Amino acid sequence: MDGLFTADIENRGLVLDPRTKLFVIITLVIFALGGTGSDIAAVRYGTAAVSILPAVLLLTAKQYGKAAVFGILFVAVKAAQLLLLPYITGAALSILGICCMVFVRLMPGLIMGAYMLSSTTVSEFIAAMHRMHIPQQITIPLSVMFRFFPTVLEEFTSINTAMKMRDIRIGGKYAGRFIEYRLVPLMVCSVNIGSELSAAALTRGLGTKVRRTNICRIGFHVQDIAVLILTAGLYILWILGMIGVVI
Amino acid sequence: MKGKDLINIGIFSAIYFVIVFIVAMLGFIPVFLPLLAVLVPILGGIPFMLFLTRVKKFGMIWIMSAIMGLLMLLTGMSWPPLAVSVVSGLIAELVYKSGNYQSASKAVLTNGVFSLWVAANYLPLFFAAEKYWSTRQNFGQDYIDTVTKLMPTWMCPVMFIVAFVCGILGGLLGRALLKKHFEKAGIA
Chain A
1 MDGLFTADIE NRGLVLDPRT KLFVIITLVI FALGGTGSDI AAVRYGTAAV SILPAVLLLT
61 AKQYGKAAVF GILFVAVKAA QLLLLPYITG AALSILGICC MVFVRLMPGL IMGAYMLSST
121 TVSEFIAAMH RMHIPQQITI PLSVMFRFFP TVLEEFTSIN TAMKMRDIRI GGKYAGRFIE
181 YRLVPLMVCS VNIGSELSAA ALTRGLGTKV RRTNICRIGF HVQDIAVLIL TAGLYILWIL
241 GMIGVVI
Chain B
1 MKGKDLINIG IFSAIYFVIV FIVAMLGFIP VFLPLLAVLV PILGGIPFML FLTRVKKFGM
61 IWIMSAIMGL LMLLTGMSWP PLAVSVVSGL IAELVYKSGN YQSASKAVLT NGVFSLWVAA
121 NYLPLFFAAE KYWSTRQNFG QDYIDTVTKL MPTWMCPVMF IVAFVCGILG GLLGRALLKK
181 HFEKAGIA
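Protein sequences appear in the order of chains A and B.
Residue numbering for the first sequence follows our numbering, starting at 1 and increasing by one per position.
Residue numbering for the second sequence follows our numbering, starting at 1 and increasing by one per position.
Everything labelled a hint here was simulated from the structure, so no lab data went into it.
Errors might be hidden in some of the hints.
The following residues of chain A were derived to be distant from chain B, with all beta-carbon distances above 12 Å [to be verified]:
| no. | residue |
| --- | --- |
| 1 | N11 |
| 2 | F148 |
| 3 | L206 |
| 4 | V222 |
Covered stretches of chain B, going by a simulated chain A footprint (3 or more residues, C-beta under 8 Å) [said to hold, decoys possible]:
| no. | stretch |
| --- | --- |
| 5 | 55-64 |
| 6 | 108-119 |
Nothing here was measured: the structure is a model prediction, and the numbers come from that model.
Built from N, CA and C at the ideal position, the CB exists for glycine as well.
Build out the structure end to end from the sequences listed, making use of the hints.
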């Protein structure tokens, strides 16, 4: 989970506006996962093109390993789905078919989500939320949450190690206590750390009525416009398909 | 709602989501995928019951629910969880409110209603299935039959019922742990 809004600002390649990333995620969810307009051939090709976009974006963010794995897998699975499936039958068909279908529909969105979380900082995300006029009631809990994630995970890892030493693990002598002996200490220490955190946050003026400022510079640049045009093209193809201009 | 309440929502959302995250790791093994609707409400019940002891003002449960839906959208799980979580969160809020934010049995019920968003993660797999298949006739009727047999439409409401029942169980478990540990430790 590290990489959850903990982008390395110095060395992360091309920077996109968080709102652009959000738009791509929503588009992928509508077209790749939701299968919108999949009865129009042009939209199907467009969806495949936009589905590969997360791999390209990962490349620009210098996450080459992830980009290569996802890109190659996606192309391979998509090719298998288009070329191989029509020729096989029986049990192999259903197993392979389900794997292909779940992968092709689900993965682009998930990878885009991973890209979004690993290439944005919390401050940028909050700044984007402010620009979109999301109320404070949502942005404050969200920012606290993202700040708190690494702490909870760190505590959980330590508790996990301690409990393993006492043989409280799956397959160990005291497997029955597995859940209780992990979650209860986690909760107690999280609550304590949480109240310290909330004191610190209140000192820094979180939750006051005044408008908070943010030093992050977010905005739409050339790269944003390119990505937005590409993604918006999919909607245009869909509308054109609906009125019968393209098939 | 004051700043402190909002921060509390953030803290408990983080704990809750870490549990979701750990359980979801299991979901990468396809057999475990339906089990998410069982494990998340039960395990999540523990932090959620503790969270409910902090809830004194209208909107806290609703916001936490909406945040869960929002996180699902951000991690690419699609929009139905967000749509469901906004509605089920409001219902959960009203259920707990009807017990004046202190009734123990209402709290258990609240966890049941709150857990409904977990089941909504499966909705895209059922949604628009027919339309999806109409464009893929070349795969053969054989294949289409097998897939629809594995994911029949009636499974959809069943998932919601499973999530609700497990939410109740998780609430009871959380309640028991609350009595056993947290009240003694003075944090409940």
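Tested hints:
1. N11: Consistent with the label, N11 of chain A stays out of reach of chain B, its closest Cβ about 23 Å off (over 12 Å).
2. F148: Non-interface label fails for F148 of chain A: nearest chain B Cβ at 4 Å, not farther than 12 Å.
3. L206: About 5 Å separates L206 of chain A from the closest Cβ of chain B, which leaves it inside 12 Å; violated.
4. V222: holds (25 Å)
5. 55-64: holds (count 3)
6. 108-119: With 0 residues closer than 8 Å to chain A, the stretch 108-119 of chain B misses the three-residue bar; violated.
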